[in-house]
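Trainee: Position one of the sequence shown corresponds to residue 1 (the UniProt record's numbering), numbered consecutively onward.
Be aware that a few hints might be false.
Under the rule of at most 25 Å between Cα atoms (straight-line distance), these lysine-lysine pairs were calculated in the PhoX-like manner [unchecked claim]: (1) 201 <-> 212; (2) 220 <-> 62; (3) 129 <-> 35; (4) 62 <-> 279; (5) 279 <-> 158; (6) 251 <-> 212; (7) 35 <-> 112; (8) 129 <-> 112; (9) 129 <-> 107; (10) 158 <-> 62; (11) 220 <-> 279; (12) 107 <-> 130; (13) 130 <-> 62; (14) 62 <-> 129; (15) 112 <-> 130; (16) 35 <-> 130; (17) 220 <-> 158.
These aren't lab readings, by the way, just hints derived from the structure by calculation.
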Amino acid sequence: MSAKEINVLKFKLEEDGSFKRPDTVFRSFVETGGKFEPEVGRYHLYVSLACPWASRTLILRKLKGLEDIISVTVVSPRMGPLGWPFASIDEFPGAEVDSLYQSEHVKDLYFKVDPDYQGRFSVPILWDKKTHTIVNNESSEIIRIFNTAFNDFIPADKAALDFYPEHLRTEIDEVNEWIYANINNGVYRAGVATTQSAYEKAVADVFGALDKVESILQGKDYLVGNHLTEADVRLFATAIRFDIVYVGHFKCNLRTIRDGYPAIHRWMQQLYWNNDAFKATTDFDHIKTHYYWSHTFLNPHRVVPVGPVPHIRPL
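Could you build all of it, start to finish, from the sequences and the hints given here?
Mentor: Here is the structure:
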């Protein structure tokens, strides 16, 4: 990997060769009486269809019926030395130009906010069109913004949907914590590890956590309570990518979801095939292209695999 790629990707490695994800920087909220007031058409979402963190926000946006409230721009999945590009310089089916500022790369937005910015040029970005700045670039917080901040502007049935209900918050937080550490981020810890010991520790954590999820989902449709919550959204974004890229590209190959975890597989299939918020925001071409094309330190020839076939099995 070149020095430029290391700077853009920000894959921070510890001395033992293990991966540590840097914290996000912009952590403001959309709230009544705050700096960023809820308004129709004020906010814009920059995403990659390949990125699991960005996919969380797209799913919540659709679940809550915010398509007419918050506009979206999709970047190209081919992240190169300068980071995520827009379609203006890298045409790819489904990628779009930056209609707000005609940026060439996502990094241009970060430098627009802060010319001396030193952090990661990541997506998703929740952008304020009124003050021309980043509100938030932490996906776990953006989905909570979408969950409640715009309820006054959407139909009552959508406003009533609560994916972080108060009576389940403690349990949701607990589930999110270990799933994030061992699955959402765990696959990266395995895939980016540069020593055998760091890799083996990470991959053991991944499958230990998947075993736990499998047990939880026995006879159940959702992770927490008896209805869909943000915990399901957060896990789905990783699960739908697991057989597609993480098994091969990140060497998480002890088992696949489709053949090794029947309860998780059924849960994932039901979300994908029965709820369009999950299917419509999943683009397998973007997912596979991004990982296999962009991570040249893992796949220097940028060969994108054809399989698995099908990408997701029918119910």
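Trainee: Hint by hint, say whether it matches the structure.
Mentor: Here is what the structure says about each hint:
1. 201 <-> 212: Since the Cα atoms of residue 201 and residue 212 sit roughly 17 Å apart, the hinted pair holds (cutoff 25 Å).
2. 220 <-> 62: Roughly 24 Å separates the two Cα atoms, so the pair holds.
3. 129 <-> 35: holds (13 Å)
4. 62 <-> 279: Satisfied, since the Cα-Cα distance of roughly 11 Å is no more than 25 Å.
5. 279 <-> 158: Within the cut-off at roughly 19 Å; holds.
6. 251 <-> 212: With a Cα-Cα distance of about 20 Å, the restraint between residue 251 and residue 212 holds, given a limit of 25 Å.
7. 35 <-> 112: Holds. Residue 35 to residue 112 sits at ~19 Å (cutoff 25 Å).
8. 129 <-> 112: holds (13 Å)
9. 129 <-> 107: Since the Cα atoms of residue 129 and residue 107 sit roughly 17 Å apart, the hinted pair holds (cutoff 25 Å).
10. 158 <-> 62: holds (10 Å)
11. 220 <-> 279: Given pair residue 220, residue 279 holds - Cα atoms ~21 Å apart, limit 25 Å.
12. 107 <-> 130: holds (20 Å)
13. 130 <-> 62: holds (23 Å)
14. 62 <-> 129: With a Cα-Cα distance of about 20 Å, the restraint between residue 62 and residue 129 holds, given a limit of 25 Å.
15. 112 <-> 130: holds (14 Å)
16. 35 <-> 130: holds (11 Å)
17. 220 <-> 158: holds (24 Å)
Against the hints set out earlier in the document, no violation occurs for any number.
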